Amino acid sequence: MADRAWLRWPVARQLTGPDKLGRGAATRSRRTDSIAPRIRGADRVVKSVCPYCAVGCAQQVYVRDEQVIQIEGDPDSPVSRGRLCPKGSASLQLTTGAAREYRVRYRRPFGTDWEDLDLEAAMDMIADRVIESRRKGWQQEVDGKPVRRTLGFASLGGATLDNEENYLIKKLFTALGAIQIENQARI
Amino acid sequence: MSLDPAARSGYADHPPRMGFFTDTSVCIGCKACEVACKEWNGVPEDGLELTGMSYDNTQSLGASTWRHVAFIEQIDHPGQPRWLMASDVCKHCTEAGCLDVCPTGALLRTEFGTVVVQDDVCNGCGNCVAACPFGVIGRRETDGGAHKCTLCYDRIGDGLTPACAKACPTESIQFGPLDELRDRAQARLETLHEAGVAGAQLYGEDPGNGIGGAGAFFLLLDEPEVYGLPPDPVVTTRDLPRMWRHVASAAAALAAAALISGLGGRA
Amino acid sequence: MAEAHPVGFQWVMEAKQRGATVIHVDPRFTRTSAHADVYVPIRAGADIAFVGGIINYVLQHDRYFRDYVLAYTNASAVLSEDFADTEDLDGVFSGLDRELRMYDMETWRYQRSEVRAAAGDRTPLRDRFTPQQLRQVRRAARGEAHGSGGGAVDPVHDADETLQHPRCVFQVLKRHFARYTPELVAEVAGVPEETFLRVCELVTANSGRDRTTTFVYSLGWTQHTVGVQYIRTAAILQSLLGNMGRPGGGILALRGHASIQGSTDIPTLFDLLPGYLPMPHAYGNEDLDTYVAAESLSKGFWADTRNYMVSLLKAWWGDTATAGNDFCYAYLPRLTGSHSTYETVLSQLSGVCTGYFLLGQNPAVGSANARMQRMGMASLDWLVVRDFSMIESATWWRDGPEIETEQMRTEDIKTEVFFLPAAAHTEKNGSFTNTQRMLQWHHAAVEPAGDARSDLWFAYHLGRRIRQKLAASSAETDRDRPVLDLTWDYPVRGPLAEPDAEAVLAEVSGWGADRTPLSSYTELNDDGSTSCGCWIYCGVYAGGVNQAARRTPGGTQDWVAADWGWAWPANRRVLYNRASADPDGRPWSDRKALVWWDQATRRWTGHDVPDFIADRPPDYRPAADARGTEAISGTDAFIMQGDGKAWLFAPAGLVDGPLPVHYEPQESPFSNVLHGQQHNPVREVLTHPLNLYQPSGDEPGSEVFPYVATTYRLTEHHTAGGMSRFLPYLAELQPAFFCEVSPELAAERGLEHAGWATIVTARSAIEARVLVTRRIQPLRMRGRVVHQVGLPWHWGPNGLTTGDAANELVHLALDPNVYIQEDKALACDIRPGRRPRGPALLDLVREYRQRAAITLKTGTDT
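Residue numbers (the numbering used here), protein chains in the order written: chain A, 1 to 187; chain B, 188 to 454; chain C, 455 to 1316.
One should not assume that every hint holds.
To be verified - Partial chain A-side listing against chain B, Cβ under 10 Å, derived: (1) D19; (2) K20; (3) T32; (4) P37; (5) E72; (6) P75; (7) L92.
Unchecked claim - Straight line, CA to CA, 20 Å or less: simulated SDA-like cross-link-like pairs of lysine to any residue: (8) C:K923 with A:E120; (9) C:K1311 with C:T1141; (10) A:K47 with A:E66; (11) A:K20 with B:A194; (12) A:K47 with C:E956; (13) A:K47 with C:D1017; (14) C:K923 with A:E132; (15) A:K145 with C:G791; (16) C:K923 with A:A122; (17) C:K470 with B:Q361.
Calculated directly from the structure, the hints in this document are not laboratory data. From a predicted model like this one, the values you see are computed outputs, not experimental measurements. Here a beta-carbon is modelled for each residue, glycine too, at the ideal position from N, C-alpha and C.
Excised from the complex, chain A in its bound form (with noise of 0.2 Å):
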């Protein structure tokens, strides 16, 4: 092979091919001939749903080692064929992009700054303050008839969560007496 390698030389081709402007295929680079859509080399496809409005545009998300490597329209969908507006074309930055946090943060009371807290602890931490402030909060009956609830704490969100997450945070929240539970639909 090494002996022949001259031949892959831009002038060479010029000279001896057919491109003797040397504007194209004279004039290919070794990684231009080997040019190749990343997505060709995808793992997977996995279908999904555009996380913005409610449009509910198809997606396609191609997946290599285990990394989404891009997010397009599925062309499948009766809803968007194929397409996606600009919020939609930017999923690939909002799910893999340098805004997003990966790490449980927390601030103490009075705290100035943000800590670093394990995400088991951060669980305990967080039924333990939701049962006291159910607890402080509970009312047992109100004018007489008995509601049996908690107005202790409260809950804000949900449109942009899924419907299976939704019935858990209301099946949850319900059961534990809290009725203050609210999402965007009201806002």
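Using the hints provided, position chains B and C relative to the given structure of chain A.
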């Protein structure tokens, strides 16, 4: 000179010439094209400046903006107020000045008839920047190289639609064989004229124009100047004898440079 | 629509190319206007006058679809003699109690009917409870319950098929809207008469047997103190024109979050249980029997409320829920009024609510009266924020606006803050319900990195921990039974112990004996033999198959595309589509065929899943004593309604009137030209020093805030910016908060294009870059010029593009039916230059309040 730029550039058995037809009459100014392009091509953010130019904060094409949506407010337009929107892109000229002046062979005519920059070859000389009659190509400060739309060369080689055209919600950006696009554009133009849209016109498509016809052309609703496009662009290297001399000297320089680097490599 | 839902707008563009006419009504000329055939500028807050004007045009010119109106609406129903209209009482309906800010709706009923009396053997609430207690029930957003249905009415009532009876709905409607003339529309809404008449002509010419017209709206219609009545106005018009339940018709809400429809269906909302079952109230819902008696209807599918409720209780409490213990109904907490997000803020400020979860929500800039939101958060013991990035709701304690104004010092704030990174849609399984009620499943592509987790994981594991802790504790066991007895045994998978989302979907969809998946809500029982987490979603897991994950390519299906995703209920794509056929069951026209009666098979059939009892013939007439679904006649196209009809007049279900009336917004530079009554008398006002209102109309001081402000979205950003301001590719497209003003206003106030302006209300002052544009037109009405200020609401102090939040300006005065705030029509002042920094900002706002003589009472009158 042949109007088949791929054949002219040494591709004997090549696919049909591919291009964009951007029909600005259905552009809704959403800028999906800008974002989809950047996501696919890894083009960096290009500045966070509010321009005051209607909703156009991208301002122009350049090294880090390969699709640019222009917004023109014409609220006083007779008959009905208008807000024109148009997604601009590299024209992939039949006679491409950038290609002609590149001393390193970094600018390349592909087998699809499109024009791309080979990043691994570009030495950042900037000749191409001055040679483009549309101001499309630019040098990026961070890497020193020249960059512009590739018409998603990597994608179309695999039969995929370029990212901008795929995302476009209203098919304002259409991708396909140039012959087909020209037919489609002509039909659309006639429809608009029949509907009384007098200002509708094709831009860049005519093979007889100063760039030998664009591989990416447009349907505009007003004069090109309104959109910030040159009304009669001419390839900057039209003087052929001079160009030939230039190419010859460039080739010689390239040969010499290659020999030197080759020797260095062996050492 | 082109602005906020560009991909949906492709269908409008396609329709336009096929000959459709597009009309866009908006205070601003937007990207949608740019593609409309007719652009209609309008004063923000005047849409009831505009649409009411079209109703008047239809009635005055006999342009309604008579056969449709007679068959499918309540036009012929005769009202009781006690009813008095706003035309009789200068802007209010009969039954108003100004002291309690509440209507007694008894006089709005059909003649010979009793509101609520038909459903069961029970005493009306009004006879059992005091007016104050009734007001608490009213304040529980009861209007939202029943979703697609209305309140209770007696299906048996007097009617006049000739539509001539002076008290029949048709005649009442005609009188009610008679003053909504083109001249009045111009005077109130600022719409030129010829533009208005052109719209009337286009809409009516495009409605009837062969053609249909659709209305599309978003928050421009909901965020008002009369928001529900805005949509009611469109519902009346569309019913008159015969455009409901038909292809190309309807009133389409474009919703702005991926699953905001789903989060209403399976509600993370205070007033609802899954499937629009009302949350039990302390008054009148004491046990399961009283609940069912109060909340079900005698006719139609809401007659089966008990099936839905018992199946829900079985889904939540499993084997513990038995007939003997009322299926654990007593485990449900009770409402005593409104507990909406805004009352929650008040309860935070008063120290009652001490803990707060924010799950993908950013109220520090995204909720109205943002300062009040942050002050509420600063009063908490603890706050949990789950999001992708460091949004303002997570960081207000260190760099929020109140730190700058010195209203707070970081080291004095007690709130403990937990920020937990959330998993993205690519990292979890689950379904979103889109704006057309269609569930679509998204599959996890990769595992979330670091501490990022799904909210499914968070809710499940938080519940698991709390249950463990409570089970181990000896105290308070009775209080804890509901959570300890909860079915909470979802299988988990993978290294992160992620709960199986399909198992949750299966529970939502429901099962019968041996956990056999159900296929339809008609299979639900009230004896405890069926379990279903959300009755309207019943069947989404039919056959043990995830129907929401179906993806038969659209190109291989017909135009209904029924095999992509799954739409509730029963995979119907157009609600009330029985109305697409005439009373005899034939399509109104071939061109508009959707479903029809097939005499050969004696079944309803068609392109869509018929929204009707499949084998009920058009000529079926119920017996006089028929109940429930048996009482639905072969022509009762509106099967969820208590009388089977589309309501031109709402005899129940709405707390602020049976008909829409134009009222001025809470804050308006204008007095109400139509009536002495300025505002919606029963709008919800929250009296608090952080929520001061401005004088309006003729009141002294209103001239201090002479301009109309309205908020909106831009294509390039998303809601409060948490998913857009932090992304370089979106931030660069709209890199600064700006306001939009006309050249005339710019000249009047000395505003410079691309310079800075300060916008002031009684709540706060914010600064914005100025876009001077002819796209904002001054409107001429009532002999004066009204200027409007446009404010996109996406910004806040964090992220790549930063700016003040428009929500700093917005007050909390709420629609009384659904408790939504009035962002879309405010009054403000605007002045050149940047706002003051530090405490001087508060001084500026204080100075404005003093000039307008604002007190706690200002703007709170009924």
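Checked hints:
Nearest Cβ of chain B to the Cβ of A:D19: about 3 Å, under the 10 Å cut. The hint holds. Contact between A:K20 and chain B, as hinted, is supported at the beta carbon level, the nearest pair being about 8 Å apart and thus within 10 Å. Against a cut-off of 10 Å between C-beta atoms, the interface hint on A:T32 holds, since the closest Cβ of chain B lies about 5 Å away. Proximity of A:P37 to chain B holds as hinted, the smallest CB-CB distance being about 4 Å (cut-off 10 Å).
About 7 Å separates the beta-carbon of A:E72 from the nearest beta-carbon of chain B, less than 10 Å, and the hint is met. Look at A:P75: its Cβ gets to within about 8 Å of chain B, closer than 10 Å, so that hint holds up. Annotation: A:L92 was flagged as interfacial toward chain B, and the flag holds, the nearest CB pair being 5 Å apart, inside 10 Å. Among the hinted pairs, C:K923 with A:E120 is consistent with the structure: their alpha-carbon atoms are about 15 Å apart, no more than 20 Å.
Restraint check for C:K1311 and C:T1141: the C-alpha separation of about 8 Å stays at or below 20 Å, so the hint holds. Of the pairs offered as hints, the one joining A:K47 and A:E66 holds, with about 15 Å between alpha carbons and a cut-off of 20 Å not exceeded. As the CA atoms of A:K20 and B:A194 are separated by approximately 11 Å, the hinted pair is consistent with the 20 Å bound. Between A:K47 and C:E956 the CA atoms are separated by roughly 16 Å; this keeps the pair inside 20 Å, and the hint holds.
Distance check on the hinted pair: A:K47 and C:D1017 sit about 16 Å apart at the alpha-carbon level, within 20 Å; holds. About 11 Å separates the Cα atoms of C:K923 and A:E132, which keeps this hinted pair within 20 Å; it holds. Taken as a hint, the A:K145 and C:G791 pair is honoured in the structure, with Cα atoms around 13 Å apart against an allowance of 20 Å. For the hint pairing C:K923 with A:A122, the CA-to-CA distance comes to about 15 Å; that is within 20 Å, so the pair holds.
Note on C:K470 and B:Q361: the hinted pairing holds, with a Cα-Cα distance of about 19 Å set against a maximum of 20 Å.
In this structure, every one of the numbered hints holds.
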